[in-house]
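First to last, the sequence lines map onto chains A, B and C.
Under the numbering used here, the residue at position 80 of the first sequence is numbered 80, and the numbers go up by one with no gaps.
Under the numbering used here, the residue at position 220 of the second sequence is numbered 220, and the numbers go up by one with no gaps.
Under the numbering used here, the residue at position 135 of the third sequence is numbered 135, and the numbers go up by one with no gaps.
Wrong hints could be hidden among the right ones.
Dumping the calculated BS3-like pairs for lysine-lysine here, alpha-carbon to alpha-carbon at most 27 Å [unchecked claim]:
| # | chain 1 | residue 1 | chain 2 | residue 2 |
| --- | --- | --- | --- | --- |
| 1 | B | Lys250 | A | Lys250 |
| 2 | B | Lys155 | B | Lys120 |
| 3 | C | Lys250 | B | Lys250 |
| 4 | B | Lys155 | B | Lys115 |
| 5 | A | Lys9 | C | Lys188 |
| 6 | B | Lys155 | B | Lys250 |
| 7 | A | Lys115 | A | Lys9 |
| 8 | C | Lys126 | A | Lys9 |
| 9 | C | Lys209 | C | Lys115 |
| 10 | A | Lys126 | A | Lys9 |
| 11 | C | Lys115 | C | Lys126 |
| 12 | A | Lys155 | A | Lys250 |
| 13 | A | Lys250 | C | Lys188 |
| 14 | A | Lys126 | A | Lys115 |
| 15 | A | Lys209 | A | Lys155 |
Think of the hints as simulated: they come from the structure by calculation, not from any bench.
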Amino acid sequence: MAKTDTGCKTNSGRFFEDFRPGETLVHATPRTATSGDQALYTALYGSRFALNSADSFAQGLGLARAPLDDLLVFHLVFGKSVPDISLNAVANLGYADGRFLLPVFPGDSLTAVSKVIGRKENSSGKTGTVYVETTGHNQRGEAVLRYTRWVMVHKRDAGSAAPEPVVPSLPDAISADQLIVPENMVGKDYDTTLSGSPHLWEGYSAGEKIDHVDGMTIEEAEHQLATRLYHNTARVHFNQHAESGGRFGKRIVYGGHVISIARALSFNGLANALNVAAINGGRHCNPTFGGDTIYAWSEVLDSAAIPARNDIGALRLRTVATKNRPCQDHPFADSEGRIDPATVLELDYWVLMPRR
Amino acid sequence: MAKTDTGCKTNSGRFFEDFRPGETLVHATPRTATSGDQALYTALYGSRFALNSADSFAQGLGLARAPLDDLLVFHLVFGKSVPDISLNAVANLGYADGRFLLPVFPGDSLTAVSKVIGRKENSSGKTGTVYVETTGHNQRGEAVLRYTRWVMVHKRDAGSAAPEPVVPSLPDAISADQLIVPENMVGKDYDTTLSGSPHLWEGYSAGEKIDHVDGMTIEEAEHQLATRLYHNTARVHFNQHAESGGRFGKRIVYGGHVISIARALSFNGLANALNVAAINGGRHCNPTFGGDTIYAWSEVLDSAAIPARNDIGALRLRTVATKNRPCQDHPFADSEGRIDPATVLELDYWVLMPRR
Amino acid sequence: MAKTDTGCKTNSGRFFEDFRPGETLVHATPRTATSGDQALYTALYGSRFALNSADSFAQGLGLARAPLDDLLVFHLVFGKSVPDISLNAVANLGYADGRFLLPVFPGDSLTAVSKVIGRKENSSGKTGTVYVETTGHNQRGEAVLRYTRWVMVHKRDAGSAAPEPVVPSLPDAISADQLIVPENMVGKDYDTTLSGSPHLWEGYSAGEKIDHVDGMTIEEAEHQLATRLYHNTARVHFNQHAESGGRFGKRIVYGGHVISIARALSFNGLANALNVAAINGGRHCNPTFGGDTIYAWSEVLDSAAIPARNDIGALRLRTVATKNRPCQDHPFADSEGRIDPATVLELDYWVLMPRR
């Protein structure tokens, strides 16, 4: 037994060479989500979607009580995967094929597992891209969320040979017939006064663009509180002493924090977007830092009926978030596809919305 | 169906012309208050009043468990009214005629409704004052809180004709016989060791002034967390990017945040002020900003018995909060009524306190 | 009855002369600990120890549900003692003889009582050291935590005569046979995948040093939220207006905040240190301020079996925390015992860890 520090007991994270397609990684630490987590989520983002805000409103829709915000569940599951997947990540490149499968209620205990579904060395020979499919489960072993993400990870040894590339085939989008309406949830008799907007599913159509108007300034304490709440341990978010000598000279805000701000801002224009049913794709176009003010706008990419349902429909949205730049002119990319430099997030996702 | 943003789906708030005396506004978003909200409230203000702090103490007074802090309930109800009342407010001018009618317990779902009870155009022709009476209800439809506030709101069109002024008659103060002692609450066998002070109702008399000594510095992250927790969406609190070009060059702290700091500071001198029973009046004399340190002092304005109760009495207090100025000399207004420039809050309210 | 402020209703704290060996101080304010407090604790420190994180994991060990983090309980009990013990403290000098006696679960109501067990005037004649033994109880009157601390307190009157010194005899360390394993907790069938590390009790031995690698930057909002959550009222933590003219020109971080950061960082290397069973000693070597980045390392001081248990063992650890200095070379004290100036905390404690 070593008497001095060998470094072997601390987690140095996995490098590109460590990921073998087909392997399964069971993540630590199980986490019981509570009404305390939901209160913090509300304080961090000000989210006002009625389904998650009040037991009474959720009961009016047929649920036993208010489920936790979908993105809170996403962050909790994502956070568990960080120590095994992205501790040595250079960048979180994208998300795809994400579906919310079951609502999570206060008191549910979440665990997460990831399957390595691809890897491809980059031409530099110093990094590679790793693809993982991550699933969150509740204490009954039921899957509550599944999504794919890919990250750029450092190689341990730049001299190691490039492995055979394996790149998964990922859908451009979840099809509407794969979207899951939470069990017992009924969109009839939906109260648009209490929900905050009269605009229901029929009121939105593809091509419509909505500026969410408001801006939210991020404080260092806020994103740190959020990121720790999610058990996300990526070092760039917490250590100013180290980051002051790093790439940007400052801590980087967890990309998921920006996703939740954008979703909360989107209430102003999309108040009846009850819940997030699927994540078709997403990417963090630029880093965000403490002191930045986030704005957002959305485009309706598609509107789809849910099979056998006349009470609830689905909208496919692209929400774009910017920093320090209002969105009345819907900034995103120019005609050559160059991303507007103020853009920090593009998220392509399905929401469920009651019908008239 | 519009294919581009018409702005019609976002809430641009109501302007002076939109408020019609007699109309009722039902506010979005219902909100279940939980022990998570109470924990955040404690972290934000450090409030130590024993009734709200411990189930065991509340049970000793005859309640089923600890109710939520009265001012947390006030903020939650107030927050709901902001998108309909004060999104375009120039200033929150005052409060009156407020009564706490029923305790709110963790798990209760709150909704809010406001009645427009007055409006009067200002001489500038650009703004007007709107008076609303706001009521919070629990999930059983019982009123838990009712108060009046008035705000200065922009006109949509400076050229529109001034409407007939309607100014409600508001009481200077709630009379003591209208104060409500929470059902089953008994002040006998009250434990002054656990409550933190031996000074009971008989120990205070009109004219007494108490410097609450301590100061609390407000961080931007703190007031943002609080204000989002309350679903208060007023833009001046959150958007440094826009406010840097605004009136003060910085975000303004929600006035209610200062009220809660002052109430928490008042524990030091008024530890047995079990709960807030009524708000007679209040005004935010000056804006508060991140970085300001709040101090407070109180004057006992009146001491009143509660009809048919010899266990609990009432104290009418004026609590004054200042920024960056200690209160040992009880600053407020000079002999001509000019408010001390460091003063940020005057709150006139009734508290209940056990008797000997 | 005084009509003007006499200062008598506010708590000016106790001075050295006020502490009489043998006296018992019952502290205000009882406090129900909830899942909201635990959520805030997670957000403040990112603690990932599985026992406190998930009901499902705690149930796998035989408990009814996840207990609150031991150090959260410590801070809640400590906070209660501040108004009576250390409001006029110059410094919190040390801890000893601390044992966690019973787990605390969400919903339990905590109270605290302290016994004065010693006092000794300092040679300056201006201050003295006071020793107190503080016990936390739950709502059933069961002791959940007991520890001794000593603080340097101002004399009220520098001219008062020095009392007969009483210095308690304190153990260097709790012996392993005095450590309490929570009732029903069984370390067999412990899941090291979910807990986050394969290293169990047998894997650690005396003399081993572990750098916990990560650093955590403290924001002013964070330590203020934490310290208020604990009802700790010591003024130096909250009032920038006063502190800007004080010893350091800035607010001082509550030492317990640093303890919790260090414990959370220690997960990386000590993930199976299920709970803190005892505090043998501790001291805050230097003050910590907002903006400082905390690092930590630990040395295994001892490894001990628990009598009659082959499923759980104990490790005695010394965890050292530094500010703005990584710990790969295990900084602490030089050969003459001079503390490294970057060192802010030394904590000597016992943890329980499952055996193979």
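Okay, the hints, checked on the actual structure:
1. Proposed proximity of Lys250 of chain B and Lys250 of chain A is supported: the alpha carbons are some 22 Å apart, at most 27 Å.
2. Simply put, Lys155 of chain B and Lys120 of chain B have alpha-carbon atoms about 11 Å apart, close enough for the 27 Å limit, and the pair holds.
3. In summary, the hint linking Lys250 of chain C to Lys250 of chain B is supported, as the alpha carbons are separated by about 22 Å, within the 27 Å threshold.
4. For the proposed pair Lys155 of chain B and Lys115 of chain B, the alpha carbon gap of about 19 Å is at most 27 Å, so the pair holds.
5. This hinted pair checks out: Lys9 of chain A and Lys188 of chain C have alpha carbons roughly 21 Å apart, not beyond 27 Å.
6. Taking the CA atoms of Lys155 of chain B and Lys250 of chain B, the gap is near 24 Å; set against the 27 Å cutoff, the hint holds.
7. For the given pair, Lys115 of chain A sits about 24 Å from Lys9 of chain A by alpha-carbon distance, which is consistent with the 27 Å threshold.
8. A distance of roughly 48 Å separates the Cα atoms of Lys126 of chain C and Lys9 of chain A; the hinted pair therefore is violated under the 27 Å criterion.
9. Restraint check for Lys209 of chain C and Lys115 of chain C: the C-alpha separation of about 36 Å exceeds 27 Å, so the hint is violated.
10. Taking the CA atoms of Lys126 of chain A and Lys9 of chain A, the gap is near 26 Å; set against the 27 Å cutoff, the hint holds.
11. For the hint pairing Lys115 of chain C with Lys126 of chain C, the CA-to-CA distance comes to about 23 Å; that is within 27 Å, so the pair holds.
12. Taking the CA atoms of Lys155 of chain A and Lys250 of chain A, the gap is near 24 Å; set against the 27 Å cutoff, the hint holds.
13. A distance of roughly 44 Å separates the Cα atoms of Lys250 of chain A and Lys188 of chain C; the hinted pair therefore is violated under the 27 Å criterion.
14. The hinted pair formed by Lys126 of chain A and Lys115 of chain A meets the criterion: a straight-line CA distance of about 23 Å does not exceed 27 Å.
15. A threshold of 27 Å between alpha carbons decides the hint, and for Lys209 of chain A with Lys155 of chain A the separation of about 42 Å lies outside it, so the pair is violated.
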